[in-house]
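A.B. asks: Please model the complete structure; the sequences and the hints are all you need to start from.
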Amino acid sequence: MLKIGSKGLGLVLACVFAGVLLAGCNNESSSEKEGEAQAAPAAPAGMIGLPAPDFTLTDMQGQQVSLSQFRGKIVILNFWATWCPPCVEEMPSMEQLYREFKDKDLVVLAVNVESSGQEAVGEFLAKKPYSFKILLDPDAEIQNTYGVFRLPESFLIDRNGIVVEKVIGGRNWRLGDLYEKISFLVKG
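Going by our numbering, the first residue of the sequence shown is number 1, and it counts up by one from there.
Watch out, some of these pointers could steer you wrong.
[To be verified] List of simulated lysine to any residue pairs, SDA-like, C-alpha gap at most 20 Å:
#1 K128 to V88
#2 K73 to Y98
#3 K102 to V186
#4 K133 to F70
#5 K104 to V88
#6 K187 to G161
#7 K133 to T82
#8 K133 to V107
#9 K133 to E123
#10 K128 to A140
#11 K102 to T82
#12 K104 to F132
#13 K73 to K128
#14 K104 to S183
#15 K187 to Q143
#16 K187 to I162
#17 K104 to L178
#18 K104 to F55
#19 K73 to G161
#20 K73 to E95
#21 K181 to Q61
#22 K128 to Q61
#23 K127 to K73
#24 K181 to Q96
#25 K127 to V88
#26 K102 to G147
#27 K133 to G176
#28 K187 to R174
#29 K133 to D177
#30 K181 to A140
#31 K128 to E100
#32 K104 to K181
#33 K181 to I162
No lab work stands behind these hints, which were simulated from the structure alone.
No experiment lies behind these values; they were computed from the predicted model shown.
C.D. replies: The structure is reproduced here in C-alpha cells:
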C-alpha cells in the first residue's frame, strides 16, 4: 500500500481544488472537456442564434418567474449550486455587473440546480445576499432543457430572446470580452 505523508496529501488536495476551480463543477460524469475556465466555448449545435427555450420557475419568494417576461431586456441566465466553488466565487462580480447595468435593462436569472435548493440557497443568502433573481430548479428540468452539466454555465440572451453566447466556468463578469459584449448589448 502506498503511503503519502502529510505534505504529499496537502499537495494532492491543493491540485484537486485548483482543478475544480479551473474546470467548473460537474454534477454529472462526462468524458468531454468543455474548455478552460476563462474561455467562452461555443454553445451546443443550434443553440447560438436561436431563441432561448422559455421556462417558468419559482423564485426564493415563491413567485413564478418566466424567461419570456424579460423579452426586450438583456438576460444572463446562470446555472449554479451553493456547493460549487467557482459558482460562489463569480457571484460578487455578477452582482456588480447587475448593479451597473440593471437600469439599462440587464436581468440576471441565477438558476439554482440543487434538489434542496430552497433550504441551501436560503442559508447561502443569509450570509451573502444578492439583489438579482434566484430561481429554483430542484428537478433539473430547465437544467436538462439547456443541456447544462458543468457548473457554472451561463447563457447571454439578447433583447429579442436569442442566445448570443454560452459561457462555461466561473469568471469575473466585469472583465474581458464578455463584459465588453454585455456593455455593447445594453447600450444597444
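A.B. asks: Against this structure, judge whether each hint is valid.
C.D. replies: Structure-based check of all given hints:
1. K128 to V88: 10 Å, holds
2. K73 to Y98: 12 Å, holds
3. K102 to V186: Between K102 and V186 the Cα gap is close to 9 Å, so the pair holds against 20 Å.
4. K133 to F70: 12 Å, holds
5. K104 to V88: Since the Cα atoms of K104 and V88 sit roughly 25 Å apart, the hinted pair is violated (cutoff 20 Å).
6. K187 to G161: 16 Å, holds
7. K133 to T82: 15 Å, holds
8. K133 to V107: 8 Å, holds
9. K133 to E123: 16 Å, holds
10. K128 to A140: 24 Å, violated
11. K102 to T82: Distance ~24 Å between K102 and T82 Cα, so the pair is violated.
12. K104 to F132: This hinted pair holds, its Cα atoms lying about 14 Å apart.
13. K73 to K128: Judged against 20 Å, a Cα distance of about 26 Å means the pair is violated.
14. K104 to S183: OK: K104 and S183 at ~10 Å, within 20 Å.
15. K187 to Q143: Violated, at about 29 Å.
16. K187 to I162: 17 Å, holds
17. K104 to L178: Holds, at about 17 Å.
18. K104 to F55: 23 Å, violated
19. K73 to G161: Satisfied, since the Cα-Cα distance of roughly 8 Å is no more than 20 Å.
20. K73 to E95: 17 Å, holds
21. K181 to Q61: It is violated: about 31 Å lies between the C-alpha atoms, which goes past 20 Å.
22. K128 to Q61: 16 Å, holds
23. K127 to K73: 29 Å, violated
24. K181 to Q96: 16 Å, holds
25. K127 to V88: Measuring from Cα to Cα gives roughly 12 Å; hence the hint holds.
26. K102 to G147: 27 Å, violated
27. K133 to G176: Violated - the C-alpha atoms of G176 and K133 are around 24 Å apart, more than 20 Å.
28. K187 to R174: 16 Å, holds
29. K133 to D177: Distance ~24 Å between K133 and D177 Cα, so the pair is violated.
30. K181 to A140: With a Cα-Cα distance of about 29 Å, the restraint between K181 and A140 is violated, given a limit of 20 Å.
31. K128 to E100: 19 Å, holds
32. K104 to K181: 14 Å, holds
33. K181 to I162: Roughly 14 Å separates the two Cα atoms, so the pair holds.
Consistency with the previously given hints fails for numbers 5, 10, 11, 13, 15, 18, 21, 23, 26, 27, 29, 30, ordered from lowest to highest.
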